[in-house]
Amino acid sequence: MLRYIIKRLLLAVLTLLIILFTSYTLLRLAPGDPTRSDMLSGEASGQGTMDNKNGPLYENRSLREKLALDKPLHIGFILWLKPVICHGDFGESVSVDPGHKVTSMITERLPLTLSLNFWAILLTYLLAIPIGVYSAKYAGSFADRSSEFILFVLYSLPVMWVGLLLQALFCEGGKFPWFPLGSEIHAAEQLSVWQYQWECIKLYALPVLCLSYAGFAGLSRYTRGSVLQNIHSDFIRTAYAKGLSGETVLWKHTFRNALITMITLFGGILPSLISGSVLVEYIFNLPGMGSLSLLALSSRDYPLQMALFTFAGGLTLLGIFISDLLYMAADPRIRLTE
Numbered sequence: 001m002l003r004y005i006i007k008r009l010l011l012a013v014l015t016l017l018i019i020l021f022t023s024y025t026l027l028r029l030a031p032g033d034p035t036r037s038d039m040l041s042g043e044a045s046g047q048g049t050m051d052n053k054n055g056p057l058y059e060n061r062s063l064r065e066k067l068a069l070d071k072p073l074h075i076g077f078i079l080w081l082k083p084v085i086c087h088g089d090f091g092e093s094v095s096v097d098p099g100h101k102v103t104s105m106i107t108e109r110l111p112l113t114l115s116l117n118f119w120a121i122l123l124t125y126l127l128a129i130p131i132g133v134y135s136a137k138y139a140g141s142f143a144d145r146s147s148e149f150i151l152f153v154l155y156s157l158p159v160m161w162v163g164l165l166l167q168a169l170f171c172e173g174g175k176f177p178w179f180p181l182g183s184e185i186h187a188a189e190q191l192s193v194w195q196y197q198w199e200c201i202k203l204y205a206l207p208v209l210c211l212s213y214a215g216f217a218g219l220s221r222y223t224r225g226s227v228l229q230n231i232h233s234d235f236i237r238t239a240y241a242k243g244l245s246g247e248t249v250l251w252k253h254t255f256r257n258a259l260i261t262m263i264t265l266f267g268g269i270l271p272s273l274i275s276g277s278v279l280v281e282y283i284f285n286l287p288g289m290g291s292l293s294l295l296a297l298s299s300r301d302y303p304l305q306m307a308l309f310t311f312a313g314g315l316t317l318l319g320i321f322i323s324d325l326l327y328m329a330a331d332p333r334i335r336l337t338e
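Note that our numbering has the sequence shown beginning at 1, numbered continuously upward.
Be aware that one or more of the hints could be misleading.
[Said to hold, decoys possible] Below, in silico cross-link-like pairs of lysine-lysine (DSSO-like), each with a Cα-Cα straight-line distance of 30 Å or less: (1) Lys82 with Lys7; (2) Lys252 with Lys137; (3) Lys82 with Lys101.
[Unchecked claim] Using C-beta positions, here's what the derived DEER-type ranges look like: (4) Lys175 with Thr103: 39 to 45 Å; (5) Asp70 with Leu14: 47 to 53 Å; (6) His74 with Arg145: 43 to 49 Å.
For the record, the hints were derived by calculation from the structure and aren't laboratory data.
All figures in this text were calculated on a predicted structure; none of them were measured in a lab.
No residue lacks a Cβ here, since even glycine has one placed at the ideal position from N, Cα and C.
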């Protein structure tokens, strides 16, 4: 077991390095450059000018050297990677918040995104599993067909449209202004603990709903299909022949063998929720990792973008690794190959 974990961690590190090098290469090859911009004057130190058909284009040579953009791709990547490995230093922001450490910018926004995604994943599984299991148990019934129609409709709805609709209906200024819109709780110091918790619930209820409805709809259908594959198996008939109750057979035997599918999907749900939070945080004005990613992308902040790529890649690999370990807990017959 220990050998397997060590091998998987080494493989994850190698995979992450490949992801980061690919991301760095795409950033360098993409049009645009954070060290060049159209300006009214180029009097700042370290700036040189060159003509452009749309007007003068000014280049910050010192910043270009600092970001190693004047060097070949592989050299620039090594120069960026060295302080990351040695000191955990991702550098400083060059456009979103110039001069501030990228690591501190991420740690300030990370708790909000992690809390949103934690509750979204919890809500997804708490709703999807019982609906999927009972849809399989009563397959072909009116309730099964109704839930199938509703879930397919939910799965097809785009996140941006749902978020804007919820904001227009239920946020401040909407038809039913039950939920606040923004990132802060007003007069938080004057609230009791329970009042503060209630305000947090109201603040994050709609974003969590936006993050979870599509995953919940998809996971419930996968759960239904996986349970249906096992519900007519020989070992299920044997369990009924032993005199076990229907609920015991359904949850202790059928559902446990259907867990493999849900564990496999967990590795993909985790990073997909992080990427989906870009739109959700922007719509509901929440200062999390999603909105930070949008700012980094629009301003071509290379150090911040690379740090976010590292976080997203590491999170994806972590989800896959956790899924592999959960396989053994779900099914003792599975043995991880060393």
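Okay, the hints, checked on the actual structure:
1. Lys82 with Lys7: Since the Cα atoms of Lys82 and Lys7 sit roughly 23 Å apart, the hinted pair holds (cutoff 30 Å).
2. Lys252 with Lys137: holds (14 Å)
3. Lys82 with Lys101: holds (16 Å)
4. Lys175 with Thr103: 39 to 45 Å: holds (42 Å)
5. Asp70 with Leu14: 47 to 53 Å: Check failed, 29 Å falls outside 47 to 53 Å.
6. His74 with Arg145: 43 to 49 Å: Cβ of His74 to Cβ of Arg145: about 57 Å, so the range 43 to 49 Å is violated.
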